Amino acid sequence: TMSDDEKRRFFELAQKDAERYQAEVAAYGGEDALRKRKRVKKDPNAPKRAL
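For the sequence shown, the residue numbers in the numbering used here are 1 to 51.
Between beta-carbon pairs, the in silico distance windows are: (1) A23 / T1: 30 to 40 Å; (2) F10 / P47: 52 to 62 Å; (3) A27 / D4: 33 to 43 Å; (4) A26 / E6: 27 to 37 Å; (5) R20 / A50: 45 to 55 Å; (6) E24 / S3: 30 to 40 Å; (7) K7 / D43: 53 to 63 Å; (8) A23 / M2: 27 to 37 Å; (9) K41 / M2: 56 to 66 Å.
In silico EDC-like links for lysine to aspartate or glutamate, alpha-carbon gap of 20 Å or less: (10) K16 / D4; (11) K7 / E19; (12) K16 / D5; (13) K16 / E6; (14) K7 / D17.
Note that these hints are calculated values from the structure, not bench results. From a predicted model like this one, the values you see are computed outputs, not experimental measurements. Glycine included, C-beta positions come from ideal geometry on N, C-alpha and C.
Generate the whole structure from the sequences, applying the supplied hints.
Printed below as a string of structure tokens:
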């Protein structure tokens, strides 16, 4: 198995990657950007299906 000193390197890499991911999500706008899209209402006069 790996010693604690060997593991520390990977924990530090994971921490940096988590911080990078959070920064990218914040720059993207998070989930709020996805929720802003509204569904197009269905036309009630449209045909139900092709015959």
